[in-house]
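**Student:** Produce the complete structure using the sequences and hints provided.
Protein sequences appear in the order of chains A and B. Following this note's numbering, the numbering of the first sequence begins with 26 at its first residue and continues without gaps. Following this note's numbering, the numbering of the second sequence begins with 9 at its first residue and continues without gaps.
One or more of the hints may lead you astray.
Label-pair ranges, simulated between beta-carbon atoms [unchecked claim]:
1. A:Leu185 - B:Ile243: 47 to 55 Å
2. B:Leu181 - A:Thr109: 49 to 57 Å
3. A:Leu132 - B:Val135: 37 to 45 Å
4. B:Arg178 - A:Thr149: 38 to 46 Å
5. B:Tyr162 - A:Thr149: 34 to 42 Å
6. A:Glu34 - B:Tyr162: 36 to 44 Å
7. B:Phe163 - A:Ser131: 17 to 25 Å
In short, the hints are calculated from the structure, not lab data. Where is the CB? At the ideal position from N, CA and C, for every residue including glycine.
Listed here are the chains, written in short residue letters.
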Amino acid sequence: MTIYLPIAEMSVNILVILGMGAAVGFLSGMFGVGGGFLITPLLIFYNVPPAIAVATGACLVVASSVSGAISHFRRGTLDLKLGTLLLVSGLAGSTAGIGVFALLRSLGLLDLFISLAYVLLLGTVGSLMLIESLRALRRIAKNKAVSLNRPGQHNWVHRLPFKMRFKKSKIYLSVLPVIAIGFLLGILTSVMGIGGGFIMVPAMIYFLRVPTGVVIGTSLFQIVFVTAYTTMIQATLNHTVDIILALQLMIAGVVGAQYGVRVGQRLRAEQLRALLALLVLAVGLRLAIDLVLTPKDIYSIVTGGHA
Amino acid sequence: MSRFPAVAAALRLLVLSLSLLSTGAFAVERQTDKVRPPEGIEIGMSTNEIAITSDFTGADLTIFGTMTNIDDYLQQIGQYDIIVTLEGPRVDTTIRRKERVFGIWINTEQMTFSAVPQSYSMTSTRVIKDIAPQQELASLNVGIDHIRLFAANYFGDIAALDDFRQAFRRQMLDSGLYQTNPGGIRFVSPSLFRATLKLPANVPNGVHMVHAYLFKSGDFVMETKLPLRVVKTGIEQSLTEAAYGNSFLYGLSAVIIALTIGWAGSVIFRKD
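**Tutor:** Given below as structure tokens:
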């Protein structure tokens, strides 16, 4: 059963797309991530043009993050001031990222850049997560207490100027690292189609020393708005959002996520992180192999000049 | 495309009457003047617009035509040949070449050919190299090998240019956008013919041009052409138009759909 994707200009098997959406939804529910960093490479493996995969991935993250964002907002488990600062810088980053995206596309380097960025990001994050979770697992085996957050300790981040008080998080912090994180993740949303939760959450915990209770809510708040904005801009300027593709992925993803959450609640956090790390590394490795293997045809005709 | 048989029937009538008229005129002329007027070719289609639904998987397009003022003897021994082509809308097309840099395959070179037809379908009475000499076909730009690929801003070496041109033609043939159907022209009567052109599944939108070329004993006689508008219809087409024409609203709806589905999912599956 095939369905034609009007923007990607290709026919795809609807069952494959639904399966992909359900699998990524399951994993994102299980690990509590948006899933953009999984769906974009999967779509690229399925020969969806990387530009379309990235923009559609951003659209998908909107759907997978909104319900979490609403429930955190209702419970008040977010720092609105910190979230707004991250959001404003995220919007600026996303706008800059779209510019980079369009420029790379015109130079014919976009596909390569997306793959390289994924290899780099997935490789780094996957390795770090694997090392960290293995250490935690070993510590648990030795029956030692696990301490993720070490409040009271200060690092160089807390010596930066332009400090601002974030009441909800009970921290007094320079705005510079906050703006830098928001901006960087905004760029990544544009060029990689990710919400960036799996980068933002550790960055806020380890780097900014934000209390873990408000971290998830604050990052989801930022991600929903930045990915929604990026989807809008991608659709308006680059015409790369495929609504038919996004629709199938979203519906399957939302259903898959419900089951993922249930499974995730039964597994231990350290085991979950180790599994996610292995998955991230596998995806990164596959992309790296594709970059090195000799392509079927070294020539490619550029499509997308629409009347 | 169930509409083609009806079209064909209507065309047959039209063209038959046309050819009757012209042979009548020819008979009169022959009595008064021994000099034979030059041969001509005319083609007709019942419509100048084809609507294609989004589940379209390719089809045959039938074109009727007639040759005028032909010599019956020459026709009997097969000295007349016809080539019919359907050229898609012309756009500047870029082709890129990858090279291995530090172990990674990167697009390093690119070339833009000016005003290249997005699709090209050809049919003929015989294989075209048997119809006319290469130079003749090349000067008319007839045949996939003779479509003009002019790289406007390229000043590099000629060998690379040739590689790009070959790669372009190969890929267009592979994708089905360029195709040939030698022997797809049949004579219904000595002067009336029927040409069957293949429309690929991915036939581009826009104004196509049907060209018909008449050859006599390997020499080009004349050419005639007719425009054909290809309009895609259906939900996918409306979405494509929205994505390019109303891109802001398209993006806004994408976001609203995403928000709705994400929110609805959590409501439907809520445990409490």
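**Student:** Confirm or reject each hint.
**Tutor:** Here is what the structure says about each hint:
no.	hint	verdict
1	A:Leu185 - B:Ile243: 47 to 55 Å	holds, 53 Å
2	B:Leu181 - A:Thr109: 49 to 57 Å	holds, 56 Å
3	A:Leu132 - B:Val135: 37 to 45 Å	holds, 42 Å
4	B:Arg178 - A:Thr149: 38 to 46 Å	holds, 40 Å
5	B:Tyr162 - A:Thr149: 34 to 42 Å	holds, 40 Å
6	A:Glu34 - B:Tyr162: 36 to 44 Å	violated, 27 Å
7	B:Phe163 - A:Ser131: 17 to 25 Å	holds, 20 Å
Hint 6 alone, counting from the list given before, is not met by this structure.
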